[in-house]
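Turn these sequences into a full structure, and let the hints steer you where they fit.
Read off the chains here:
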Amino acid sequence: MKIMLSSAALLAMTASGALAQDVVRLGTEGAYPPYNYLDDSGEVAGFERELGDELCERAELNCEWVTNDWDSIIPNLVSGNYDAIIAGMSITDERAEVVAFTQAYTPPSPSAYAAMSEDADLESGVIAAQTGTIQAAHVAEGGTATLLEFPNPDEAVAAAMSGEADAVLADKDFLIPVVDETEMSFVGEDIPLGGGIGMAFRQSNTELRDTFDTAIQSMKDDGTLNELITEYLGEDSPTW
Amino acid sequence: MTCSDPDTLSGLSWLLCYLTTGKHLSLYWSVGTVLLLLAITAPVSLAFGFGGAVAARSRLPILSWPGKAYIAIVRGVPDIAFFLFFVIALDQAFEYVRHKVICPDWDQPIRQGSDFVVCQAAKLPLSTAPQWVHEVYGFAIAVLTFAIVFGAFAANVLFGAMRAVPRAQVETAEAYGMTPGQTFRRVVVPQMWIYALPGLSNLWMILVKATPLLFLLGIEDIVFWARELGGPKTPRFTDYPHGDWRMWYFLALLVFYLGLTRVSELALGRLTRRLSRGQATMGGEAQRKGTAPA
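Going down the list, the protein sequences come from chains A and B. Start counting the first sequence at 1; every next residue gets the next number (the numbering used here). Start counting the second sequence at 241; every next residue gets the next number (the numbering used here).
The set of hints was computed from the structure by calculation and includes no laboratory data. C-beta atoms are modelled at their ideal positions from N, C-alpha and C, and glycine is treated no differently. Hints may be right or wrong, so weigh each one.
Claimed, not checked - Which residues of chain A face chain B? A partial, calculated answer using Cβ under 7 Å:
| no. | residue |
| --- | --- |
| 1 | V23 |
| 2 | P33 |
| 3 | G42 |
| 4 | C63 |
| 5 | V78 |
| 6 | G80 |
| 7 | A158 |
| 8 | R202 |
| 9 | T206 |
Unchecked claim - Covered by chain A, per the in silico footprint, the following chain B stretches (three or more residues, Cβ under 8 Å):
| no. | region |
| --- | --- |
| 10 | 252-265 |
| 11 | 331-341 |
| 12 | 427-441 |
Written out as structure tokens, the structure reads:
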């Protein structure tokens, strides 16, 4: 295991020596399946892993994956600890004030409530959501329900399962496998939130942003992006 | 036994395969990370504390003010705020200095809106550096941050301990004609530890429990892995699906931390007996009379 890792690191070193400026560090959360998660060997995997690797190949860049806590994912980007965020981050106006987004690589997809009981009170009950997400903002702005925030999506789901919260509000793509495998079910209407998911860059780093933007466009044009969406996010997930 | 197809396994062999996945190896590694952090941070904090205490008790305002300010400010700021803000600030300060030295011809502003932009060569570590360099750098920053925070508390403890050395001891040293420096080195410092030990042992225990703050610094510590591994896993994303097992993982953490605490208590107990020897304290007196518990 260790030998494999170090030889991979050695490869990465020699490769990066050739293209000194072309190492791009991709920051992700690693806790948001199917978008990004850590597989059994502890490597970043999922929709965004495959997407990011493909984009880097098209842009002829060496990419390195870095995991970072969701709470500090934007501060660490603007401070330069990695070069891009690719972490299921919906494009919103508030975030766009701080970071530069590429065009969306998934169409705006609905958010949904999942709960243990069919008649969960979504109007005035307690709703669990991950801190700093569009879903948390939605519950807070709605004003009638009580928002219960968690640092990662797993704990938001666990709160709804244990009864600490009446329901959890999250991206529907994230909740589908959860609902499939547990006793929870979708309740209420789906809510369209956000402007799709995009990669985020430092606002001063327009060159790199444009490179990835072009690569995303080329994946949209030849249909590979749609195949990826269907493979990872399900048949029902909206495509381009 | 092969772990390539866990679905066919059951019982103990399943568990063995499960506990040796790459993710679990990362958990075991992180135990080492935490112990290493403790092993490095404790002496470095003590050095910071000693420096702070010596500065704070200096008769020169130019030394005593910064010493006292360090103790007061760092002790006053909540740890979480310190860990979230200070690390990014520290990292940027290093890069700023390097930028000024390495790229003097750079004509763009460093602050562009919310962005912090230095030339590529000034990046720390270089963006071309392999991941382990980034991790070692992150770890070093973490040690420094912990050392600064705990150093301030240690400084206060040592400051008090230096004053607790009986006045008669210092007076005797002066009567022998020792200079203040000699008195400090030969009398105060050797005797102060027994007075500092209760406070320092408290700090050590708090430091042990503060290590989960590592995750705020981007280091994947044992609490992070326990949470990540314990969370419910669906078959789509793992070969080892299971429900919410966080309780078991946190139970293991509990045992780990209790074990660490117990070992620390034993070691500190020995140290206390050792340092009491020949001291004008109740413990030292009891040892002299031979009535102390062995």
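Now the hints, each set against the structure:
no.: 1; hint: V23; in the structure: holds (5 Å)
no.: 2; hint: P33; in the structure: holds (5 Å)
no.: 3; hint: G42; in the structure: holds (4 Å)
no.: 4; hint: C63; in the structure: violated (11 Å)
no.: 5; hint: V78; in the structure: holds (5 Å)
no.: 6; hint: G80; in the structure: holds (6 Å)
no.: 7; hint: A158; in the structure: holds (6 Å)
no.: 8; hint: R202; in the structure: holds (5 Å)
no.: 9; hint: T206; in the structure: violated (11 Å)
no.: 10; hint: 252-265; in the structure: holds (count 4)
no.: 11; hint: 331-341; in the structure: holds (count 3)
no.: 12; hint: 427-441; in the structure: violated (count 0)
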